[in-house]
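Participant: Here is what each chain is made of, one letter per residue.
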Amino acid sequence: MNRIYLDHAATTPLHSSVIEAINRSIREAWGNPSSLHFEGRTARKYREQAREQVAALLQCSPEEIYFTSSGSESDQWAIQGTISIVQKEKKQPRIIVGEIEHSAVRNICKKFQSWGFDVQWLKPDKWGRYQVDGLAQLLNSDTILVSLMYCNNEIGTIQEIEKLCELSHRVGALFHTDAVQALGKLPSPILYKPDLVSISAHKINGPKGVGALYIRSGIKFSPWIAEASQEKGMHAGTEAMPAIVGFGAACELWNTHQNEFQNHLRNIKSVFLKELQKNCEDYEIISPNENCSDTIVNIRFPELEAEALLLGFDLAGVAASAGSACASGALKPSPVLLSIGLSEKEANECIRFSFGPFLTEEEIIQAVQRITQIVNKQRKIQKGIG
Amino acid sequence: MNFDAILRKKEKYVLHLRNQYKGASVLVAMSGGVDSSVAAFLLAEAGLKVIGVHFRLIENSLNQSKGCCHTGSAIDVQRVCDRIGASSYVWNLTNQFQSKVIEYFENSYFHGETPNPCIECNRELKWGEMWKRKLSLGIDFIATGHYARMIQIYGKKWIARATDYNKDQSYALWVIPEEKRDTTIFPLGIFRKSEIRTIANFYHLPTAHTPESQDICFLAGSDYRTWLAQRKQSNQSGWIRDSSGRIVGQHSGIFNYTIGQRKGLGGGFSEPQYVIETRLETSEVIIGDLEQLYFKEIVIRDVIGIIPKQPVLVQVRYKDKGVLANAIPLENNGAKVIFFEPVRAPAIGQSAVGYIGDRLVFGGIIHQIDK
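The listed protein sequences correspond, in order, to chains P and D. For the first sequence, this note's numbering gives the first residue as 1, with consecutive numbering after it. For the second sequence, this note's numbering gives the first residue as 1, with consecutive numbering after it.
Treat the hints loosely; a few may be bogus.
[What the hints assert, rightly or not] With a straight-line cut-off of 25 Å between C-alpha atoms, the simulated BS3-like cross-links for lysine-lysine are:
| no. | chain 1 | residue 1 | chain 2 | residue 2 |
| --- | --- | --- | --- | --- |
| 1 | D | Lys132 | D | Lys22 |
| 2 | P | Lys332 | D | Lys132 |
| 3 | D | Lys132 | P | Lys383 |
| 4 | P | Lys380 | D | Lys180 |
Hints are computed from structural coordinates only; laboratory data are not their basis.
Looking at chain P on its own, in the form it has when it is part of the complex (with noise of 0.2 Å):
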């Protein structure tokens, strides 16, 4: 049975322009780029090309991109980076974070809640939408840092970044947005005038393990390892080549293709959409109509558990995932779902379908009728039962 992958918001398959360029970096550019010789000038311009590349795609300047593990990594530094230049020039620097922002933000932003900063959490409505008003009314002046994601990776809503980034700079607080889900495949976050954007190269046809912090020229931030002597002195470690030359060449495929990609996602999306209508009963749309990203939809099945219904279209050859694994694989329900005012049994019964521009029509279409016959089967069962 051909496998149908609708887990793209999770990690997309690697290009073969990628995996080109990849291999090519591991025969070529092995040296060490902070190495004089000719090996080490080598990787160097490699990874400048890569830079140069994933800058592109940002529409940014490349000496503003540092290099990263992955979006994680990003979104702590920024956070981190931001607390430790500023904090000893306000007396109670405050942070605010959106409720349902990427794990990796909310989890560091608990710690220093827990160390006694003034943290803030803005909450979204049911679409998951952040409302200018909500953050002007946390806003203060001892504000360091806004945090807030430009795309949601469970929803797929799209926030107004533009007014909440400006609202942010009136009272001269930096603004972070976590760009991963974006990337690509929305507008470049860089346009709305962000100070700090986190982006990944797994989300968009690259490989895992390279991420990128966007630091806009001359905002006071902090390296993110000490006395770092890699990446302008803002971090150490000598550099994962083949990973960042992967990165560098996946922005450069969806910078080359990236209307032609966006048009297609839109497609495939109305596809899912339309066929879904036709063919499934009982579901509803947590994901909102309007101002969401056309690689995510999730929706909810009302009285089937999501843990189930994934292992069920697992079986049939179709990939999908929901709510939060926690270490040891469990599902628990998602704090975006129960931020967004779903009941934790709503919330169980929700899953996510993200999608990625090699997908074909036919393939989301053969996908749907798999996934209604799962879902109608389970429901008939469910009814017997009881």
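Go by the hints and put chain D onto chain P.
Facilitator: Leaving out everything else, chain D in the frame of chain P:
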């Protein structure tokens, strides 16, 4: 049995499984221990499509050293499944476990009974929740690493004792209703524990050296009295009386006492004294000598199985030789069991399970004991 003989036995058994089940799909409940790992392994070897599922039963149990609730166990299950070519999943059954097993366990004690949580876990989770999911997923069988057998007589499936009587776990399986037995497999029933370890070792299963599991998994080795004390403030102390009603001491809380218990009664008696009854309403513990611990009749409820006309061997606790008895059906799924000779300390809330030979014929929950 020597090494080669064990492997030959395993080969022969896998062949038998292959003939019976090849190509079928099976959900295997995997705790992360060696038993369920080998169960999954044998089924995979026999050509079944194995889907290993690990139940997460308790929240925040990262600190526990072992058991179903430990994160490491889930990872072990993954490793075993990867090793044997099975798919693996973790199911978060914490809510079901809390409401169906832990609350039952606590309430039972708080009502002065002696619960058996493993049996309720089998009933509600393995042959309850897991069964429901098996049906909805269209999977053919479910299997567990219990030491028991499923035998067929005249076209009907019966649960039977494991060939290794020391490990036999059939006592805890009487709750599996008849209609679920046809599609249940116990792959370990003909093996000894030592043989299972040998197989796990020989085939390098990552769980070959996991320690023996606890009696009650969620207590993680601590005493059930401590568990209960943390959950109920009003574990009232009260009088200890002898069977004639005379006060002979004071007890520390009624839930700390179970029928047959010797500990915690104080000293100074001419004969060893045992708890023969606990009275919840008056918070009294009644003690007596050994002879008073023996009962001639019990009444059981919620019976599953058939009550045969011939005498049966009835076991009133796990790991017990059992006593011959006649059983008489009562209305509302009840039965009276009259023992040929008095049986020691049958506890209300525990299960009584009847056997003819190795075959389990009925089981029920003890709810009355008589002299």
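Participant: If a hint holds in the structure, say so; if it does not, say that too.
Facilitator: Hints, one by one, checked against the model:
no.: 1; hint: Lys132/D x Lys22/D; verdict: holds, 23 Å
no.: 2; hint: Lys332/P x Lys132/D; verdict: holds, 20 Å
no.: 3; hint: Lys132/D x Lys383/P; verdict: holds, 11 Å
no.: 4; hint: Lys380/P x Lys180/D; verdict: holds, 19 Å
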